[in-house]
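Based on the hints, put chain B in the right spot on chain A.
Residue numbers (our numbering), protein chains in the order written: chain A, 1 to 121; chain B, 1001 to 1175.
Hints in this document: simulated from the structure, not taken from any laboratory. Values in this document were obtained by computation on a predicted structure and should not be read as measured data. Any given hint might turn out to be false.
What the hints assert, rightly or not - Beyond 10 angstroms from chain A on every Cβ pair, some chain B residues (computed):
no.: 1; residue: Ser1002
no.: 2; residue: Val1035
no.: 3; residue: Pro1042
no.: 4; residue: His1051
no.: 5; residue: Arg1071
no.: 6; residue: Asp1087
no.: 7; residue: Ile1121
no.: 8; residue: Phe1126
no.: 9; residue: Glu1128
no.: 10; residue: His1145
no.: 11; residue: Pro1153
no.: 12; residue: Ala1155
no.: 13; residue: Val1157
What the hints assert, rightly or not - Okay, derived cross-link-like pairs now, SDA-like style, lysine to any residue, Cα gap no bigger than 25 angstroms in a straight line:
no.: 14; chain 1: A; residue 1: Lys90; chain 2: B; residue 2: Ser1025
no.: 15; chain 1: A; residue 1: Lys90; chain 2: B; residue 2: Val1003
no.: 16; chain 1: A; residue 1: Lys27; chain 2: A; residue 2: Val103
no.: 17; chain 1: A; residue 1: Lys14; chain 2: B; residue 2: Arg1028
no.: 18; chain 1: B; residue 1: Lys1117; chain 2: B; residue 2: Ser1135
no.: 19; chain 1: A; residue 1: Lys14; chain 2: B; residue 2: Val1072
Cβ coordinates follow ideal geometry from the N, Cα and C atoms, glycine included.
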Amino acid sequence: MKILVTDDSAVMRKIVIRTMRQAGFGKHEILEAENGRQGLEIAQAESPDLILSDWNMPEMTGIEFLRALRASGSTTPFCFVTSEGSDEMKEQADAAGALALIVKPFTADTFSDTLGTVVSA
Amino acid sequence: MSVFTELDDDVREELGVIITDVFASVLREEAIVTVNQLPVGPVALARLAVHDMDGDEYATVEVRVGVGLARVMAARMMSISSPGPEDMVDSIAEISNIAGGNVKTLLCHHARLSLPKAQIIDDERFAEAEPADGSTYVRAIVLGHVVQLALHPHAPVADLLWPPETSDATLEPTP
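Isolated chain A (complex conformation) (with noise of 0.2 angstroms):
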């Protein structure tokens, strides 16, 4: 299985990353992006299982790159991991067809029980 973990952040990836590995989903190949025109380059090129991706970023935000992959005819599992949670953007999350979204700070039951039923162990 591939994940594609999208975060301008190289901090916030690897955070990601171990978090994954902490919720038990460590075997799978991680693929990483640096903003959501890249994630969306990656994600067309390795058509990942799952996406990961930050909402705030330089070049194309995240809601930006969930609409372009919908849009693209994509319905890859999309989740978002921000810091921000409000209704306002959890709607939009919702609108644009995003799984789920994980607000920073996270623990890893929170990927565990929000991923479980995308993610094998």
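Same frame as chain A, but now just chain B:
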């Protein structure tokens, strides 16, 4: 009335919860609110802007930690043994990003966040106990170090970068 000033006790308490939660979860260490001052000397700081679109006003959220703790943070967050200045800057930037997102959710209904900007500076001043500019400070102790979250209602934001606005071009279906 500004959403960034005249914060009541409940909101101040929530800001304390934000700073302790962010540091506790990222560092996996206990963090408790304190009234102690951040020591003067070299600090890693990061700031980002919140634009409240309902009231069309701006504030900055700033997180400061001493360089000693910044080094520990970077080592833990990046799983490296000898973090350099760039690693410390990246780490404090991400901490401020998380804190800023939570502050935005706490205070605003319809707002946007800038990208964080971080640096290491030599600070020789304590924060004022009762700032005249309406700033709010909350502090916590983590690993024996004081960390500080500040909300500055009238701080300049011109040097901060914003994520791109949603453009129709990205929504075009791929042929």
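Hints versus structure:
| no. | hint | verdict |
| --- | --- | --- |
| 1 | Ser1002 | holds (19 angstroms) |
| 2 | Val1035 | holds (23 angstroms) |
| 3 | Pro1042 | holds (20 angstroms) |
| 4 | His1051 | holds (12 angstroms) |
| 5 | Arg1071 | holds (14 angstroms) |
| 6 | Asp1087 | violated (8 angstroms) |
| 7 | Ile1121 | holds (20 angstroms) |
| 8 | Phe1126 | holds (28 angstroms) |
| 9 | Glu1128 | holds (28 angstroms) |
| 10 | His1145 | holds (18 angstroms) |
| 11 | Pro1153 | holds (20 angstroms) |
| 12 | Ala1155 | holds (19 angstroms) |
| 13 | Val1157 | holds (15 angstroms) |
| 14 | A:Lys90 <-> B:Ser1025 | holds (22 angstroms) |
| 15 | A:Lys90 <-> B:Val1003 | holds (22 angstroms) |
| 16 | A:Lys27 <-> A:Val103 | holds (24 angstroms) |
| 17 | A:Lys14 <-> B:Arg1028 | holds (15 angstroms) |
| 18 | B:Lys1117 <-> B:Ser1135 | holds (19 angstroms) |
| 19 | A:Lys14 <-> B:Val1072 | holds (16 angstroms) |
The structure fails hint 6 only (numbered hints given earlier).
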